[in-house]
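The listed protein sequences correspond, in order, to chains A and B.
For the record, in the first sequence the residue sitting at position 168 is 168 according to the UniProt record's numbering, with numbers rising by one throughout.
For the record, in the second sequence the residue sitting at position 74 is 74 according to the UniProt record's numbering, with numbers rising by one throughout.
Rather than coming from a laboratory, the hints here were simulated on the basis of the structure.
Careful, some of the hints might be misleading.
Stated by the list, open to error - Under the rule of at most 20 Å between Cα atoms (straight-line distance), these lysine to aspartate or glutamate pairs were calculated in the DMTMM-like manner:
| no. | chain 1 | residue 1 | chain 2 | residue 2 |
| --- | --- | --- | --- | --- |
| 1 | A | K218 | A | E198 |
| 2 | A | K94 | A | E116 |
| 3 | B | K84 | A | E198 |
| 4 | A | K127 | A | D112 |
| 5 | A | K305 | A | D202 |
| 6 | A | K228 | A | D288 |
| 7 | A | K140 | A | D183 |
| 8 | A | K218 | A | D202 |
| 9 | A | K228 | A | E298 |
| 10 | A | K94 | A | D68 |
| 11 | B | K252 | A | D68 |
| 12 | A | K131 | A | E116 |
| 13 | B | K252 | A | E198 |
| 14 | B | K84 | A | E90 |
| 15 | A | K228 | A | D249 |
| 16 | B | K252 | A | D288 |
| 17 | B | K252 | A | D16 |
| 18 | A | K305 | A | D288 |
Claimed, not checked - To spell it out: a stretch of chain B is covered by chain A in this simulated footprint if at least three of its residues, at any positions, have a beta carbon under 8 Å from a beta carbon of chain A; those stretches are:
| no. | region |
| --- | --- |
| 19 | 2 to 11 |
| 20 | 29 to 42 |
| 21 | 76 to 88 |
As the list claims (entries may be wrong) - Here are some, though not all, of the chain B residues that point toward chain A, as calculated from beta-carbon distances under 10 Å:
| no. | residue |
| --- | --- |
| 22 | A15 |
| 23 | E91 |
| 24 | S94 |
| 25 | G248 |
Backbone N, C-alpha and C define an ideal beta-carbon position, used for all residues, glycine too.
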Amino acid sequence: MPAIVETRGLTKVYGDGTEALKPLDLDIEEGEILALLGPNGAGKTTLISMLCGLVSPSSGQARVGGHDIITRYRDARALIGLVPQEIALEPFQKVWDAVRFTRGLFGQGRDDAHLEDVLRKLSLWDKRRSKVNELSGGMKRRVLIAKALSHNPRVLFLDEPTAGVDVDLRRDMWNMVADLRRDGVTIILTTHYIEEAEAIADRVGVINHGELLLLEDKQALMTRLGRKTLRIELRRPVEAVPGGLSGYDLELAEDGRSLSYHYDTQGEGTGITALLQDLSREGLALRDIHTRQSSLEEIFVDLVKGEDA
Amino acid sequence: MNWQAVGAIYRYEMARFFRTIAQSFLSPVLSTSLYFVVFGTAIGSRINEVEGVSYGAFIVPGLIMLSVMTQATTNASFGIYFPKFIGTVYELLSAPVNFFEIVLGYVGAAATKSLLIGMVILATATLFVDLTVLHPAAMVAFLLLTCLSFALFGFIIGIWARNFEQLQLIPLLVVTPLVFLGGAFYSISMLPPGWQTVTYFNPVVYLISGFRWAFFGTSDVPVALSLLAIAGFLLLCLAVVWAIFRTGYRIKP
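With the rest of the complex left out, here is chain B (with noise of 0.2 Å):
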C-alpha cells in the first residue's frame, strides 16, 4: 500500500478546495440560508407541521443531503477530470499506485470536503431553526455513506466525461431533479397514490428518508431500506470504478 501517494493526491485535492475557499465554502452557505428565508420563513409560515416537524426544520435533511450529493459528486468528478483535460494525468499512471490508492486518494477529499460543506450547512440551519438530532450516530452515518458513495459516482463521470459540457451533464440533469423529486422538501405522503408509486422507483428517496429519520425518527420508508439501498449504491459505484481501472476505459490506451 502506497499510502504518501494516498496522502499525497488527498492533500493536492484538499489544497485545491482551500484555495478556493469561498466558493468552496460560502455559496452553499448562502444557498442553504436563501433556502431557509423563501421556504422555512416565507412560505413555511402558512405551512402546518409536517409529520410534526416544523417545515423549516423538516426540510433541514434533504437540503443537507442536496448540497452533499451535489458537492461530493461534482467535487470528485472534477477533480479526476482536470487531471485528464490538462494531460497531469500522465503522472497518476505512471506512479507505483494502484487503482485502489488513486481512488482513496480523490474520493475520500470529495467525500471530506462534501463532509464539511454538510457540517457547515448543518451549523447555518441552527441559526434559522431549534433541531435536535434524535439518532446522532445513525445521521453521521447516512452522512459519511452518502458522501462517499457520490464521491465515486462522481469520480465515474469524471473518467467517462469527455468534455465539460458532459462533465456538468449528470449532476446538473440526474442528481438536482432526483433530489427535489425525492422528497427533500416535502413527505412521499403527501403525493397523491400514483405519484408515491413513481417515487419509489428514485433511489434519493431512500437516503433522504433515512437521514431525516435520524433526525427526526420518521421516515417514508423503512430505515433499514434506506440502508440497503445507499449501501447497494456504495457497491455498484465500487464495481464500476473497479471495472474502469481493469479496462483502463478512457484513460490508458
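In isolation and in its complexed conformation, chain A is listed as follows (with noise of 0.2 Å):
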C-alpha cells in the first residue's frame, strides 16, 4: 500500500537564511499514528505548515494521498485537516457557524448530521450557539479540533494538540484520536509530551535542527534503545562496590544502601545471572531487587543531546 503522507527530499530555508527542514524523505502509512518529538523551533511546524499549504517548500516534493501538494494542491488539501498550536478563531462568530465556515472552505456541502456528532463528541454541542469569545481556552481548543474534523479529513495534523490543556481535554483527546484511528484517519502529531506519543502513537519520530534524527516504531524503538536498570537493594549498607564486583558497570547509592546495574535487553547475554551469583559470594544480603526500562523521555534527552553535543 502506498503512503499516505510521502515527502521526497523535501527542504525549507526561510527568507531570513535560516535552514529549517533539512532534506526529508519521510513515508507515513495510511492509517497510522506518527508522533514528532522534538524542542521548540526543530522544524515539527514547519514541516506540518508545509503539508497543508501554509509555508512554501524551498525544494523537494511531497505528495499527501498520491496527490502532489503543489501541482494537485486542491485534492491534496481536500483530505487534510489541521489543528493549529496557537487558537486562531474568529471571536464573534457562533461555534455552529465557525464549523459550517470550514466545511464549506473545503468544498463540501452542508451535513448538519455529520457536524453535530462532531460538536457531541468534543463535548460542544452544548455550546453550539455560544460565541467564539464566550468560550474557555479549552473549549476553544476544541471548537479548532471541531473545525480541522468538519470536512472528514483522512489525514489529520495536530500540532502540539495538549500545550497547556487540562486533564478532561487531554482525555477526550486521546478517546478522539482512538476513534478516529478506527475509522481509518492518518494522524499526524506533534507534542513535547513524551507520554502522550508513548501512550497514543504508533511510530515515533524525532526532529531536532530541521533533520529527522530517527523514525521507527514506538516498541521496536524502545526496545532498542531501551535500556533497562536493575536496582538491588542491600539489608547491610556498604561503604564501597566490593573488589571482587569491580567487573561489573555498578552504580552505589549514597547512603550505600543500594546498586544500580545497567543492561542492554538485546544484548548476547545481560550478565545478571553472574552478577547475582558474584553479589551472594562478596556475601552480600539482598532485601528486593526491580528492574525498570528507561522511558521514552530518557530516550529523546540523549539523542537530542547527543546531536547537540
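Starting from two chains that each stand alone, build the complex the way the hints lay out.
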C-alpha cells in the first residue's frame, strides 16, 4: 500500500537564511499515528505547515494521498485537517457557524448530522450557539479540532494539541484519536509531551535542528534503545562496591543501601545471573530487586543531547 | 471551482456586516443626511444651479461615490486583514481554494456591502432632493465597477498592511482627499485653469464625472474616458492581486 503522506528531499529555508528543514524523505502509512517529537524550533511545525499549504517548500516534493501538494493542491488539501498550535478563531462567530464555515471552505456541502456528531464527540454541542469569545481556552481548542474534523479529513495534523490543556480535554482528545484511528484516519501529531507519544503513537519520529534523527516503531524503539536498570537493595549498607564486583558497571547509592546495574535487553547476555552469583559470593544479603525500563523521554533526551554535543 | 468555499467566505463576510448593522448602515446614512443639511440646504440655498442642476441634487453622485469608495476599501481591507491579525488566515491557506476563489469571496462581499450602502444613500437623497436618473443602466454599471475595483484595492491594502495604522492610512490619507478633490462637491469647470489641469491627474475625477453623467447627462470629462479609467483601475488592481498570490506576498513564507 502506498504511503498516504510522502516527502522526497523536502526542504525549507526561510528568507532570513534559517534552514528550518533539511532534505526530508518520509513515508507515513495510511491509518497510523505518528508522533513527531522535538524541542522548540526543531522544524516540526515547518514540516506540517508545508504539507498543509501554509508555507511554500524551498525544494523537494511532497504528496498527500498520492496528490502532489503543489500541482494537485486541491486534491491533496481536501484530504487534510489541521489543528494549529496557536488558538486562532474569529472571536464573534458562533461555534456552529465556525464549524460550518470550515466545511464550506473545504468544498463540502451542508451536512448538519455530521457536524452535530463532531460537536457532540468534543462536548461542544451545548455550546454550539455560544460565541467563540465566550468560551474557555480548553473549549476554544475543542472548536479548533471540530473545525479540522468538519470535512471528514483522511489525514489529521495535530500541532501540539495538548499544550496547556486540562486533564479532561487531554483524555477526550486521546479518546477521539482512538476513534479516528478506528475509522482509518491517519494522525500526525507533534508534541513536547513524551508520555503522549508513548501513550497513543504507533511510530515516533524525533526531529532536531531541521533533521529527522530517527523514525521508528514505538515498541521497537523502546526495546532497541531502552536500556534497563536493575536495582539491588542491600540488607546492610556498604561503603564501597566490593572489589570482587569491579568487573560490573555498578553504581552505589549515596546511602550505600542500593546498587544499580545497567544492562541492555538486546545484548548477548544481560550478565544478571553472574552478577547475582557474585553478589552472594561477596556475602551481600539482598533485601529486594527490581528492574526499570527507560522511558521514551530518556531516549529522546539522549538523542537530542547527543546531537547538540 | 470551489463554489462552496466562495459561498462560505461570502456568507461569513456578509454576516459580519449585518452583525454590526448600526455601524454598517446607520453611519453612512447619518453622515449623508448631514451633508444634505449642511451643503444642500444651508449652503446650497445660496448657490445657483450648477450645470443646470440644483446644488443639492448636484452633490448626490459625489456623495454616493465618496461613501462607496471608502466603504468598499475599508470593508475589503479589514476583511482580509483581520484573519491575518488573529491568525485564522491559516484556514484559508490550508483549504483547497485558489486565489481567485478567495478574492471572489472577500471582494464580492465588500463590493456587495458598498453597493447596498450606495443604494441606501441614494434612497436617503431622494428624501431631500428631487432626483431623476437619465441613464439608469450606466449608473448601475458605474456603481458596480466602482464597488468592485475599490474592493479589490482595499483587499490589496489589507494584504499589505502590517498593523491597524497602515490599514487606516490609505483610505484616510489617499481615498478621502482624492474624492473630495475629485469634484464630489463642485464641477471641475468651477476651478481656475491651472487647478483644472492638476485635477485631471486625479483618477477619481473620471469616476465621479462618469457617474454624474449617468444622473444628469453632463460631465467634466468624456464618458468613454471615464469608463476607460475605471476599467484600467480594475485591471491594475487585478494584476496586483494576482501577483500577491503568485508570490505569497506577506501571507505565505
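| Are there hints from earlier that the structure breaks, and if so, what are their numbers? | Numbers 3, 5, 7, 10, 13, 16, 18 and 20, in rising order.
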